[in-house]
Structure formats: structure tokens, C-alpha cells
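> Sequence:
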Amino acid sequence: ILKYCQNYYLYHEYISEGGNMDKKNLIERLKKKDEDALYIFIEEYGKILKGVISKTLWKYPNLWDEAMNDALLSIWQNIQYFDPSRSTFKNWCALVAKYRAIDILRKEIKFESLRLDEDSKIVDSDLSSNLEIEEVLSLLSNEDKKLFENIFIHGLSYKEAASKQNISTANAYKKVSRGRSLLKKWR
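Under this note's numbering, read the sequence shown as residues 1 to 187, first letter to last.
Careful, some of the hints might be misleading.
[Unchecked claim] Within a straight-line C-alpha distance of at most 25 Å, the following computed SDA-like cross-link-like pairs (lysine to any residue) qualify:
| hint | residue 1 | residue 2 |
| --- | --- | --- |
| 1 | 55 | 32 |
| 2 | 107 | 68 |
| 3 | 164 | 183 |
| 4 | 90 | 70 |
| 5 | 164 | 109 |
| 6 | 98 | 157 |
| 7 | 90 | 35 |
| 8 | 24 | 69 |
| 9 | 110 | 56 |
| 10 | 50 | 39 |
| 11 | 33 | 107 |
| 12 | 47 | 22 |
| 13 | 50 | 25 |
| 14 | 107 | 157 |
| 15 | 47 | 78 |
| 16 | 23 | 86 |
| 17 | 47 | 104 |
| 18 | 107 | 24 |
| 19 | 59 | 72 |
| 20 | 110 | 57 |
| 21 | 31 | 98 |
| 22 | 107 | 151 |
| 23 | 90 | 74 |
| 24 | 107 | 159 |
| 25 | 32 | 45 |
| 26 | 50 | 81 |
| 27 | 146 | 171 |
| 28 | 55 | 36 |
| 29 | 50 | 72 |
| 30 | 110 | 90 |
| 31 | 59 | 170 |
| 32 | 90 | 68 |
| 33 | 174 | 35 |
| 34 | 23 | 48 |
| 35 | 174 | 90 |
| 36 | 24 | 42 |
Hints listed in this document are in silico derivations from the structure and should not be mistaken for laboratory results.
Input sequences plus hints: build the corresponding full structure.
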């Protein structure tokens with residue numbers, strides 16, 4: 001918090017002095033990994049980045065912060081690749097933010113496609129008895145077996161089942177996907 005307050009003070013001092021740091025100087029300071037310059041960059045360009053991200057991820061406002069963090073990190077780590085002869089700094093930053101948001105959107109769409117329909121079950125009519133279900137689930141590790149039971153037998157959502165087992169939702173999708181592949185091979 002103290003660092004934030006110091007940076008906030010530096011930014012407002014910079015503004016009160018007329019903002020005499022030009023874009024070229026800001027870019028050079030960012031290339032030197034000057035954290036004060038990063039704070040000034042966020043204050044100057046943050047709204048632009050947020051606008052690009054919110055337009056790209058309009059359907060997923062819960063992912064905006066992740067996209068903003070990814071964009072800022074990407075700009076910070078790749079500032080040396082900015083070429084003023086190809087684009088303005090503002091446009092370059094907006095493109096970096098857009099590509100980061102698109103990457104996050106692709107991940108989200110991939111996870112949504114992994115979700116099973118609510119009516120979908122592992123077992124169908126030929127595996128109706130509890131013994132057969134236990135036999136099939138015994139191929140899985142205990143953790144994966146519990147996850148399958150919570151989702152497909154007890155009807156919990158992926159998020160609820162993941163929370164119950166102290167794993168991320170993304171990890172739950174991966175485990176179910178791998179488990180389904182294993183079960184398909186067995187059948």
C-alpha cells in the first residue's frame with residue numbers, strides 16, 4: 001500500500017508539473033523497468049486498455065481484471081518490441097491488450113465447450129447397476145472418482161465440485177476430460 005501511495009503521489013506530482021514526461025521518455029523508462037513509469041503508464045493508458053478489453057470480453061466481465069493484468073504484464077515484458085515506425089504507442093498497447101483478451105476468451109470458450117450437458121451422464125442403459133458403476137469408477141484415482149461422483153451422480157456443478165475438493169474449476173474440467181477419455185477406452 002505504501003508503494004501505491006508513493007506512486008500515486010509521484011503521478012500527481014508529474015501531472016501538477018504539466019506532465020512534462022513525453023511518450024518517448026515514458027517508453028524509455030519502461031524499457032529500463034522503472035516502476036514509477038509503469039504507474040504513470042497505467043494512469044495514462046489504463047482507460048484505453050480497459051476499453052479494448054471490455055469490448056473484446058463484453059460477455060465475460062469477470063475476466064476483465066485477468067485480461068488487464070495479462071496486458072500490463074505483456075506490455076511490461078515486451079516493451080522493447082515496440083516499433084514507432086510501425087504504429088503509435090497507443091495503438092500498440094491497445095493491440096497487446098486486445099490479443100491478451102482474445103487469448104483469455106479462447107480459454108474460456110474452450111472450458112465452456114468441455115462442460116457437459118446437464119442431462120449427460122457417464123452411464124447409459126447398459127451400465128445401470130451400481131456394481132457396474134463402481135467397477136467403471138474404480139479405474140479412476142480416488143480424487144477423480146470423488147469428482148465424477150459429485151458431478152454426475154450427486155449433480156453438483158463443476159465449480160461446486162471443485163470447491164468441495166479444493167481444486168480450481170479449470171482443474172476439474174481437465175480431470176473430467178481425462179477421466180472420460182480413460183472410461184471411453186475401457187468401454
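> Give a verdict on every hint.
Now the hints, each set against the structure:
1. 55 - 32: violated (31 Å)
2. 107 - 68: holds (15 Å)
3. 164 - 183: Distance of about 23 Å is within 25 Å: holds.
4. 90 - 70: holds (17 Å)
5. 164 - 109: holds (24 Å)
6. 98 - 157: violated (31 Å)
7. 90 - 35: holds (19 Å)
8. 24 - 69: holds (23 Å)
9. 110 - 56: It holds: about 16 Å lies between the C-alpha atoms, which stays within 25 Å.
10. 50 - 39: It holds: about 15 Å lies between the C-alpha atoms, which stays within 25 Å.
11. 33 - 107: Roughly 29 Å separates the two Cα atoms, so the pair is violated.
12. 47 - 22: holds (18 Å)
13. 50 - 25: Holds, at about 23 Å.
14. 107 - 157: Holds. Residue 107 to residue 157 sits at ~19 Å (cutoff 25 Å).
15. 47 - 78: holds (20 Å)
16. 23 - 86: holds (16 Å)
17. 47 - 104: holds (19 Å)
18. 107 - 24: violated (35 Å)
19. 59 - 72: holds (21 Å)
20. 110 - 57: Holds. Residue 110 to residue 57 sits at ~15 Å (cutoff 25 Å).
21. 31 - 98: Since the Cα atoms of residue 31 and residue 98 sit roughly 21 Å apart, the hinted pair holds (cutoff 25 Å).
22. 107 - 151: holds (22 Å)
23. 90 - 74: holds (14 Å)
24. 107 - 159: Holds, at about 16 Å.
25. 32 - 45: holds (18 Å)
26. 50 - 81: holds (22 Å)
27. 146 - 171: It holds: about 14 Å lies between the C-alpha atoms, which stays within 25 Å.
28. 55 - 36: Violated, at about 28 Å.
29. 50 - 72: holds (11 Å)
30. 110 - 90: Distance of about 30 Å is beyond 25 Å: violated.
31. 59 - 170: holds (19 Å)
32. 90 - 68: holds (15 Å)
33. 174 - 35: violated (37 Å)
34. 23 - 48: holds (15 Å)
35. 174 - 90: violated (38 Å)
36. 24 - 42: The given pair, whose Cα atoms are some 16 Å apart, holds under the 25 Å limit.
Hints 1, 6, 11, 18, 28, 30, 33, 35 from the earlier list are contradicted by this structure; the remaining hints agree with it.
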